[in-house]
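Undergrad: Each chain, letter by letter, is given below.
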Amino acid sequence: MRQIEAKDIIQAVKEMCIEATHFLTKDMVCAMNDACEKECSPVGKQVLEQLQDNLKIAAEEMIPICQDTGMAVVFVELGQEVSIVGGNLEDAIQEGIRQGYQEGYLRMSVVKDPFIRENTKDNSPGVIHYEVLPGKDLKLTLAPKGFGSENMSKIFMLKPSDGIEGAKAAILSAVKDAGPNACPPMVVGVGIGGTFEKCALLSKKALLRSVNEHSNLKHIEELEVELLDAINRTGIGPGGLGGVVTALAIHIETYPTHIAGLPVAVNICCHVNRHASRIL
Amino acid sequence: MIYHLQIPVSDKELAKLEAGDTIYLSGVIYSARDAAHKRMYENLEKNLPLPISVDQIFLYYMGPSPARENKVIGSAGPTTSSRMDKYTPALLDLGVKGMIGKGKRSLDVKEAMKRNNAVYMAAVGGAGALLSKAIISSEVVAYEDLGAEAIRKLEVKDFPVIVVIDCKGNDLYEQAIAEYNKE
Ligand code: SF4
Chain A
1 MRQIEAKDII QAVKEMCIEA THFLTKDMVC AMNDACEKEC SPVGKQVLEQ
51 LQDNLKIAAE EMIPICQDTG MAVVFVELGQ EVSIVGGNLE DAIQEGIRQG
101 YQEGYLRMSV VKDPFIRENT KDNSPGVIHY EVLPGKDLKL TLAPKGFGSE
151 NMSKIFMLKP SDGIEGAKAA ILSAVKDAGP NACPPMVVGV GIGGTFEKCA
201 LLSKKALLRS VNEHSNLKHI EELEVELLDA INRTGIGPGG LGGVVTALAI
251 HIETYPTHIA GLPVAVNICC HVNRHASRIL
Chain B
1 MIYHLQIPVS DKELAKLEAG DTIYLSGVIY SARDAAHKRM YENLEKNLPL
51 PISVDQIFLY YMGPSPAREN KVIGSAGPTT SSRMDKYTPA LLDLGVKGMI
101 GKGKRSLDVK EAMKRNNAVY MAAVGGAGAL LSKAIISSEV VAYEDLGAEA
151 IRKLEVKDFP VIVVIDCKGN DLYEQAIAEY NKE
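Protein chains in written order, with my numbering: chain A, 1 to 280; chain B, 1 to 183.
Calculated from the structure, these hints are not laboratory results.
Among the clues, some could well be false.
Taking lysine-lysine pairs in the DSBU-like style, the calculated list, with each CA pair at most 35 Å apart, reads [to be verified]: (1) B:Lys12 - A:Lys112; (2) B:Lys71 - B:Lys168; (3) A:Lys198 - B:Lys86; (4) A:Lys168 - B:Lys86; (5) B:Lys133 - A:Lys176; (6) A:Lys45 - A:Lys136; (7) A:Lys38 - A:Lys112; (8) A:Lys121 - B:Lys168; (9) A:Lys38 - A:Lys218; (10) A:Lys121 - B:Lys46; (11) A:Lys38 - A:Lys56; (12) A:Lys38 - B:Lys46; (13) A:Lys205 - A:Lys26; (14) A:Lys121 - B:Lys133; (15) B:Lys153 - A:Lys38; (16) B:Lys71 - A:Lys112; (17) A:Lys112 - A:Lys7; (18) B:Lys46 - A:Lys45.
For clarity, every value in this text was computed on a predicted model and none was experimentally measured.
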């Protein structure tokens with residue numbers, strides 16, 4: 001068994017909280033540059049230029065890109081030959097979130113109970129998804145998720161007879177409903193197949209994919225291309241103020257499903273599509 | 001059109017603004033989001049006074065990230081306005097003249113805006129670092145226990161916004177999207 005110290009996990013999670021909320025990944029930065037060149041609406045361009053300046057100020061002055069520094073979502077890929085010492089994995093991740101949000105001057109946006117709504121004041125707990133895989137590594141990916149866009153996400157339990165056309169219509173309707181509320185240009189994560197919760201998880205995972213990468217399934221790649229074009233024809237545009245760049249990318253992940261079902265989940269993300277990863 | 005406006009803004013000036021105009025706002029605005037709106041609304045329901053006078057003010061739907069040492073405020077961009085829709089008509093009837101946020105508003109809000117000659121403006125969502133530079137002072141004036149959701153008195157200088165819904169009820173989201181729609 002390979003041993004990994006809990007304190008190293010805390011440190012890694014803490015660093016990722018600060019990194020992800022101040023710096024977008026390179027692919028996202030490139031996509032935002034391209035968007036600025038592509039946009040032909042004057043107001044849309046004005047919005048994208050402000051967003052370029054915003055990214056610069058965020059990085060130079062260490063001010064979070066967006067004040068909604070999100071609820072921390074963590075994907076854990078744990079090699080089955082790893083043993084965690086000096087503490088347990090779950091506690092270490094939650095502690096890393098606490099320290100990261102505290103030390104990074106990030107906003108505490110989590111309430112303890114959905115109805116009582118008292119702030120936990122340290123942004124814990126995060127939402128953690130575990131996967132156990134062969135190997136000796138521990139991979140952590142942290143994706144702080146803002147709720148302007150999260151609130152616009154949807155699940156559709158379609159019928160097999162709805163087919164690909166039904167899925168397209170559902171995805172497009174979710175994007176249109178989101179409109180200006182989700183801070184476009186968006187990144188759209190879609191999960192298709194599995195069960196109710198599996199497709200939701202896939203849709204969130206889809207947001208982690210590099211923005212210029214397509215599905216390696218031919219028919220899904222074609223669907224991504226077609227839908228991105230359709231989304232950008234809606235006219236929603238940057239900030240929802242009209243234009244040709246409504247989404248930077250749409251990523252679709254699929255999974256086998258039941259003979260009776262066609263679940264489709266759409267997880268909408270804004271242009272602040274944040275994530276950071278570490279392999280320990 | 002591009003305007004530089006000093007708050008308070010007269011009814012005459014407000015009436016001139018049209019959906020699509022860019023405005024650089026200077027003066028005092030107040031930040032309030034979900035929890036502060038809920039408390040204010042509950043006060044009104046119980047006939048209790050509000051913690052601030054809302055007559056003639058501009059509200060900014062925003063909850064900032066914490067300020068670093070020697071900074072006025074942290075990241076400070078708009079939050080989604082529709083969550084405030086339930087509480088907004090009552091505040092408009094008490095004199096709120098401007099609202100800054102992002103995203104669509106309900107029909108009830110639009111009606112109340114027309115009735116009260118008020119304007120809804122969008123700041124760019126996700127531009128909190130940039131927008132923080134236009135805030136020159138910040139002071140918590142109510143509901144301190146709410147943390148990021150407390151009501152703050154903010155002094156702004158050339159704070160950039162775009163008029164989305166004007167006093168006549170024209171809605172830029174609807175107009176501009178129709179213009180670029182190629183479905
Ligand atoms: S949707 Fe994204 S960009 Fe908009 S406020 Fe939320 S986190 Fe920020």
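Undergrad: Keeping to a limit of 35 Å between CA atoms, is the pair of Lys45 of chain A and Lys136 of chain A held or broken?
TA: violated (47 Å)
Undergrad: Taking only the CA atoms, is the gap from Lys38 of chain A to Lys218 of chain A under or equal to 35 Å?
TA: holds (26 Å)
Undergrad: Taken at face value, is the distance from the CA of Lys56 of chain A to the CA of Lys38 of chain A at most 35 Å?
TA: holds (20 Å)
Undergrad: Check the hint pairing Lys38 of chain A with Lys46 of chain B against an upper bound of 35 Å on the C-alpha distance.
TA: Distance of about 53 Å is beyond 35 Å: violated.
Undergrad: Holds or violated: are the alpha carbons of Lys112 of chain A and Lys7 of chain A at most 35 Å from each other?
TA: Holds, at roughly 25 Å.
Undergrad: Sort out whether Lys168 of chain B lies within 35 Å of Lys71 of chain B, counting only the CA atoms.
TA: Not OK: Lys71 of chain B and Lys168 of chain B at ~39 Å, beyond 35 Å, violated.
Undergrad: With the threshold set at 35 Å, check whether the alpha-carbon distance from Lys205 of chain A to Lys26 of chain A stays at or below it.
TA: holds (18 Å)
Undergrad: Could you grab the alpha-carbon distance between Lys71 of chain B and Lys112 of chain A and see if it respects the 35 Å cut-off?
TA: Since the Cα atoms of Lys71 of chain B and Lys112 of chain A sit roughly 29 Å apart, the hinted pair holds (cutoff 35 Å).
Undergrad: Sort out whether Lys133 of chain B lies within 35 Å of Lys121 of chain A, counting only the CA atoms.
TA: holds (26 Å)
Undergrad: Is Lys198 of chain A close enough to Lys86 of chain B, meaning Cα to Cα at most 35 Å?
TA: Since the Cα atoms of Lys198 of chain A and Lys86 of chain B sit roughly 34 Å apart, the hinted pair holds (cutoff 35 Å).
Undergrad: Is the straight-line distance between the alpha-carbon of Lys133 of chain B and that of Lys176 of chain A 35 Å or less?
TA: holds (32 Å)
Undergrad: Quickly compare the C-alpha distance for Lys153 of chain B and Lys38 of chain A to 35 Å and report which way the hint goes.
TA: Given pair Lys153 of chain B, Lys38 of chain A is violated - Cα atoms ~39 Å apart, limit 35 Å.
Checked against the numbered hints above, the structure breaks hints 1, 2, 6, 7, 8, 12, 15 and 18 and satisfies the rest.
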